[in-house]
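> One line per chain: the protein sequences are U and Y, in this order. Numbered according to numbering that gives the first Met the number 0, the first sequence spans residues 0 to 290. Numbered according to numbering that gives the first Met the number 0, the second sequence spans residues 0 to 586.
These aren't lab readings, by the way, just hints derived from the structure by calculation. Since this is a predicted model, take the numbers as computed values, not measurements. Just so you know, even glycine gets a beta-carbon here, dropped at the ideal spot from N, CA and C. Watch out, some of these pointers could steer you wrong.
Said to hold, decoys possible - Here are the simulated lysine-lysine pairs, DSS-like style, with alpha carbons at most 30 angstroms apart:
#1 Y:K168 / Y:K234
#2 U:K94 / Y:K353
#3 Y:K168 / U:K252
#4 U:K23 / U:K75
#5 U:K252 / U:K75
#6 Y:K353 / Y:K234
Claimed, not checked - Some residues of chain Y that are not near chain U, with every Cβ distance over 12 angstroms (derived):
#7 R8
#8 H39
#9 Y158
#10 R195
#11 E227
#12 R557
Stated by the list, open to error - Examples of chain U residues lying across from chain Y (beta carbon under 7 angstroms, computed):
#13 D19
#14 Q42
#15 H46
#16 W70
#17 K94
#18 Q96
#19 L137
#20 A140
#21 D141
#22 R142
#23 T207
#24 G208
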Amino acid sequence: MAEFTQATVAERSAPARLWDRASKIDPRYLIAFLITLVLVVGQLRYHLLGGYDRLAVALLVCTGTEALLSWFDRGKVVNLLSAYISGISLTLLVKPQGGALWPFVIGGFIAIASKYVLRYRDNHLWNPTNFAVSALLLVAADRVSVLSHQFGNDVATNLVIWIFGLIIAARVGVLHITLTYVVSFLVLNTVRALSLGQPVLPEIAPITGPMYQLFVFFMITDPRTVVRGRGRQIVVAIIIAIMEMLIRFASDKGWPLPTAFNVAPAFLALAIVGPIAKWTDLRRASTRTRD
Amino acid sequence: MGRPGSSVRRAIIAIPFLGAILLAMRLDRGPLRSSADATHPGFMLRDETAAAGIHFVHQRPTFDTKIAGVEPHVAALGASVSVTDFDGDGRPDLYFTNSRFGAPNALYRNRGDGTFEDVARSAGVADLNRPGEGVSMGAVWGDFDNDGREDVIVYRYGYLALFRNVDGKRFEDVTAQAGLRQWVNSNGAIWIDYDRDGLLDLYVTAYFRSDIDLWHLTTTRIMHNSFEFATNGGKNLLFHNRGGGKFEDVTDALGVGSTRWTLAAGSADFNGDGWPDIYLANDYGPEELYLNDHGRHFTLSNAGLESESKSGMSVTLGDAFNRGRVDAFVTNISERGYLFQNNNLRLNQMAESKRFRNVAEGAIADAGWAWGAQFGDFNNDGANELFVANGFISADRNRNYWYAMSKIAGANSRLFEDAATWPAFGNASLSGYEPSRVYLNRGVAGWVDVASRVGATDLYDGRAVALADLSNRGAVDVIVANQNQPAILYRDYPDSTSHWIELKLVGTRSNRSAIGAEVLLEATNLTQRRVVDGGSGFASQNDRRVHFGLGAREWVDRIVIQWPSGTTQVLQRPAIDRILTVTEPER
């Protein structure tokens, strides 16, 4: 039996061995790889950045802020990988008026600082990029918009990102969150479209776009801000999808929401539901510990 | 001294954190420091449309009911204006196109007393919007047969229509004889003598594919296949003027058949090699520059235009900062909160780096949903201002299509390529009721919008902008064709203390209209280049006479004219504050 097992291991295919090896890598490195892939593909194929100065500024501000604040708060400089991910995410997502760089300076700073300010029981509550993008859209909508169609609309490119994204999400152990959200989005928005008497396709169309790729692979699945437990993660993903559906319903009805809700309902839904879920989760865990 | 406690540390970090958010709120209202000085623009624009007797109201087309859901979007083009002196009386006349079956185009003859009369019907250029033929999208004028009278090509969603000017009063349709009867869903055309043989050639841009008849659709898969990188538009066409009133299609041989949903074209010798190049503003895609290789072939240049792939609406050529170069201003779409595609002001650095450099920042980058634009020295101070028309669809003010647009725009191309997939427009507005912009040029201090200050206050859905000195008084009047709305004439009233000079060029070896001639003016602390316009902006064409403001300068050192034939002509110390007619030397 033992010999058989060894032989099986030895005969494992290269992808399988790669899969095994990937499981031992810090998830942040896999996520960093994926977002760098998105950046490189987006820039080479679509000139997505709108200027390398944006990338440089966002990365510099995010990593610099992380280094400074971690040293100030914890007495040591922490691993800057998550700041790198935030910097790239901001560069991809934030689309400012004109050649303005300040959204990357302020966005990068508040993304990282939010981790040190908006905390509960030694955990930050918001995904940093989600917080920064939502905040910028809410307070500076006249100067800042968010990625929509700048990543082209090409099937092949989207497929590459989806395939890599799904593989890495599986390896990082968050695939169930991604899939739950996607399925919930499709079901809920189909129901919304039918209830409003609107065609279904335009209502589910956004999920095929680049903004949602970044959302489902990098924001909603952020290991540091998701709740603990697979079941609860699934429930929270469904609640986020419901919140987004409600926001979209309000937009359909022409209710006077801030523009940010019309532009990025998924980001706003996560910004509202995510911290409440995380806070509840942390509170419940601490109560159980005390008991 | 020990480190502060965690709560204190958090509180300390919270201060700059909140400060950053407050700063973002402040920056949302505008830059911290005021930009260029908006006071004393030095001119006023007055709406004198009615006084001039211009009562043209554009009417949009209707199409096959299969695309009724997106018809407001598809039918949102067609208002155009072009300037011509069709009767040769020395006074600029105006031609407006209409876009509904049965609605006439208008040819406004300049009476010379500040008023105009519509003579389109008697001239034979009114009734061009007919089932089976198509609807007008614009027109450009040029003397293609060098008989001294300006002819006109009307481009349509439908067949091209070429009219020969018979006697300065009447036109005859010579499309078929010229070999131009082709169905093109076109929004633009320019006259260009690309081979410098003295005969005007014709470049026609195409938007929807040319196999699409928008009144008899066999499919609803007619839309673009990307919002920023679409290549499934109609194929642009280049027609070579063989002489004798005949044209031939040389698109493929010359390599200029872009299929990128071109909305506008402009031509100038950007790289200074003596041959006119072609600059394209493409909707749903990057701009393109085709460099002319001695009239034998065009090469798509990698001039730095591809890195900002957007929605080019118009291309305007002018010397933005008096460097003696022809720069390009390309309008784009911006809607606050939703999308900032930002206008591009591209400085011509072809001589140094073979590239253009985008320097649009601040006010000039975001005009709204911008369409036609033109450089013109409205205050005669020697620097170009910029007039930009704005607004896409003004309908129900309480219904905004941008939310619906954001859903479809972020989707996959397979979905939005099909017009039937788009959310229905209904009576929604899409970037409607936007004001025109008039950017004052303050040099290194930047550009500042003075539209409301100088009197450009309309909220129409502007499309085409043309400039002309309508009363021959040294002022640059502005004519705007608005979609589905009345046209506007803004008379320019510059401060009377500034001097000016205008040149009317007459080609001999070059084409008679002198289209493509470049004029370089040199005076004290002033160098400025202008091009005789064969069509520019969006669906528009300016006065072929070139106008220079001189400010307080009381003389011009010299004027260098580079004729399309290759002839260089120098005028030393020409008289100012007048219109000079300059005829190309025979040798």
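> Hint by hint, say whether it matches the structure.
Going down the list of hints, with the structure as the test:
1. Y:K168 / Y:K234: violated, 34 angstroms
2. U:K94 / Y:K353: holds, 28 angstroms
3. Y:K168 / U:K252: violated, 56 angstroms
4. U:K23 / U:K75: holds, 26 angstroms
5. U:K252 / U:K75: Given pair U:K252, U:K75 is violated - Cα atoms ~51 angstroms apart, limit 30 angstroms.
6. Y:K353 / Y:K234: holds, 26 angstroms
7. R8: Label violated. Min Cβ-Cβ 5 angstroms, cutoff 12 angstroms.
8. H39: holds, 25 angstroms
9. Y158: Nearest chain U Cβ is 32 angstroms from Y:Y158, so the label holds.
10. R195: Consistent with the label, Y:R195 stays out of reach of chain U, its closest Cβ about 35 angstroms off (over 12 angstroms).
11. E227: Nearest chain U Cβ is 6 angstroms from Y:E227, so the label is violated.
12. R557: Label holds. Min Cβ-Cβ 37 angstroms, cutoff 12 angstroms.
13. D19: violated, 34 angstroms
14. Q42: Violated, about 9 angstroms.
15. H46: Check passed: Cβ of U:H46 comes within 4 angstroms of chain Y, closer than 7 angstroms.
16. W70: violated, 11 angstroms
17. K94: Holds. Min distance 6 angstroms.
18. Q96: holds, 5 angstroms
19. L137: violated, 9 angstroms
20. A140: With a closest approach of 4 angstroms, the U:A140 hint holds.
21. D141: holds, 5 angstroms
22. R142: Hint holds; U:R142 Cβ to chain Y Cβ min 5 angstroms, cut 7 angstroms.
23. T207: holds, 4 angstroms
24. G208: holds, 3 angstroms
Checked against the numbered hints given earlier, the structure breaks hints 1, 3, 5, 7, 11, 13, 14, 16, 19 and satisfies all the rest.
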